[in-house]
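Peer 1: The chain contents come next:
Protein chains: 2
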Amino acid sequence: MLGEFDFIRRFLSHFPKARVPVGPGDDCAVLAPSRGPLCVTTDCVVEDVHFTRASFSPADIGHKALAVNLSDVASMGATPRWFLCSLALPQGFPLAHLSGLARGMSALAREHHIDLVGGNFTSARELSVTITATGELTRPPLTRAGARPGDWLYVSGTLGDARLGLAHLRAGVTRGASVRRQRRPQPRVALGQLAARFASAALDVSDGLAQDLGHLCTASQVRATVELARLPMSAVVRRALGAEGALAGGEDYELLLAVPSRRGKAFEQACARGGHAVTRVGEVSRGSGWVILDEAGRVVRRPGGFDHFGSASGVD
Amino acid sequence: MLGEFDFIRRFLSHFPKARVPVGPGDDCAVLAPSRGPLCVTTDCVVEDVHFTRASFSPADIGHKALAVNLSDVASMGATPRWFLCSLALPQGFPLAHLSGLARGMSALAREHHIDLVGGNFTSARELSVTITATGELTRPPLTRAGARPGDWLYVSGTLGDARLGLAHLRAGVTRGASVRRQRRPQPRVALGQLAARFASAALDVSDGLAQDLGHLCTASQVRATVELARLPMSAVVRRALGAEGALAGGEDYELLLAVPSRRGKAFEQACARGGHAVTRVGEVSRGSGWVILDEAGRVVRRPGGFDHFGSASGVD
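Protein chains in written order, with this note's numbering: chain A, 323 to 638; chain B, 323 to 638.
Bear in mind the hints are in silico, worked out from the structure with no lab data behind them. Hints may be right or wrong, so weigh each one.
Identical copies look the same in the list; a pair holds intra-copy or inter-copy alike.
Derived SDA-like pairs (lysine to any residue); straight-line CA-CA distance at most 20 Å [unchecked claim]:
| id | residue 1 | residue 2 |
| --- | --- | --- |
| 1 | K339 | R425 |
| 2 | K339 | T540 |
| 3 | K339 | A467 |
| 4 | K339 | A541 |
| 5 | K339 | S356 |
| 6 | K339 | S421 |
| 7 | K587 | A499 |
| 8 | K587 | R519 |
| 9 | K339 | E433 |
| 10 | K339 | A354 |
| 11 | K587 | G472 |
| 12 | K587 | E617 |
Whole structure, please, built from the sequences with the hints as guidance.
Peer 2: Here it is as structure tokens:
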């Protein structure tokens, strides 16, 4: 029978040794001094809420738990540095699954050069993984509050794929690009760092663009106008969900960026050089709330209405 | 029906505004530069593992979740600075209980001047609270690895009370000092900071002194000898559990400290002036493992034997 310390050893064996004064195994980790201010976030994935063990491999779970945190670090324009991992494991959780979870997490950690410095194991009825991640800032952080009238709005990648992937998994379809977006979201870390040179505000699109636009407008005290025809969607999402599905989204982990219009072209060129797909979807103006316009410039959606596309019950 | 954002607002309303460049509400918090290196820890309390909702008030749960993390910060000799709180809440968790939990956490946070800078809410089948706490170091950290032959070993406060309190709660006894130690552990933050001026090593006694002595010896590659007659116990623990119960302990959240013998008297005097109860319980020597001696100097307990007092099945 394996005890807590065997589990810890097994888990840690999948990660490189952290380059810090005191790493895992003591009461606290001690971090090396950072050159710039640190940003820090915590996020949790829970069995049967954010994943099921039937549809996600242990490596998928480990990947996703870290990815959702790295996405928050990315949206500040920060460089990932250190993270801690608190694992709640059901009785009898197989050691092989623990290794799989660690491998999925470790592969993503190596890709983004973020070091595991500590953590915690506890038993629980359901599997959950809570990660706290830190990033280092070499420029002022990209907050939600920095958008200004006249800024252009950009979205990275494509929207709606993770939502479609979830629908596929629920229907028993376990392969394809959308399923992969649901299981293995890719945090836009390099884009976030690039955007820190251009953008006035950023956040990651985790709740669906419609809701996250609302967060941006509230925090920045501005109004956002998005053109429906510009929303970046994969062909399969366009066919399966349409613009409504892409807007409501959820778990896209793309970045929503506000960039001063005079910097827009330079930002687009830098993105093209770096291989980052970004799409200009709208603009920021004085006011509050947001609207979505169709190709004729008519309002097709306003805040407050998740009930049905076009039947806006807005509180705008 | 209240949404996630109402819960967040309600929870945050119980905490003072954090003095940081970016506080709760953005994708990450941004921390103010710290003067010294940061230490960081994460720990989790889970319903029916670390508490029951029948025996703990929401405020008890909030207190305990933060206390176990502050205890880790204390054991490094650090000054608490910032923390994040990730809450997993069952469906229908009452808003009044959320406020109670926040109040218990906030009261302890104010006492130790640690600011809530961020967090996360998720639904789950069982209630759990995962906290990540940071502390600032103005002296080298007190690790588990610093004990040296010749050091004296000290324990703060008294041992075994939390274990007795747990037994009381299970028996339906809901009042008394032991129950309070179980519900409301007091992290030894001020003592940890004082000890940073004297000690060579420290850890908090969370798994019981016997087990935590083992951690110290392994990390420091030394041998520890503890005198049974010196173990600090309250009268009620001595009567109810005896030395065996106090040794096996669990959730004491006292500090185990190794202090160079030449600094021992000065340390004791500083503790007396500061109102910190510490008891010299033994000493460190060359070798490995630990032993407990009775009043006649006979070995009564060695590592590996949790089976029965005196029948050591050690792997020493």
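Peer 1: Run every hint past the structure and note whether it holds.
Peer 2: Status of each hint after checking the structure:
1. K339 / R425: Within. Shortest intra-copy distance 15 Å satisfies the 20 Å Cα cut-off; inter-copy 39 Å does not.
2. K339 / T540: between (42 Å within a copy, 19 Å between copies)
3. K339 / A467: Close across copies (17 Å), not inside one copy (37 Å); limit 20 Å.
4. K339 / A541: For K339 and A541, the Cα distance is within 20 Å only across copies (16 Å; inside one copy 39 Å).
5. K339 / S356: Within one copy only: 18 Å inside, 25 Å across.
6. K339 / S421: within (17 Å within a copy, 40 Å between copies)
7. K587 / A499: neither (30 Å within a copy, 68 Å between copies)
8. K587 / R519: within (13 Å within a copy, 57 Å between copies)
9. K339 / E433: Close inside one copy (15 Å), not across copies (36 Å); limit 20 Å.
10. K339 / A354: within (14 Å within a copy, 27 Å between copies)
11. K587 / G472: within (14 Å within a copy, 69 Å between copies)
12. K587 / E617: This pair counts as neither: shortest intra-copy Cα distance 23 Å, inter-copy 82 Å.
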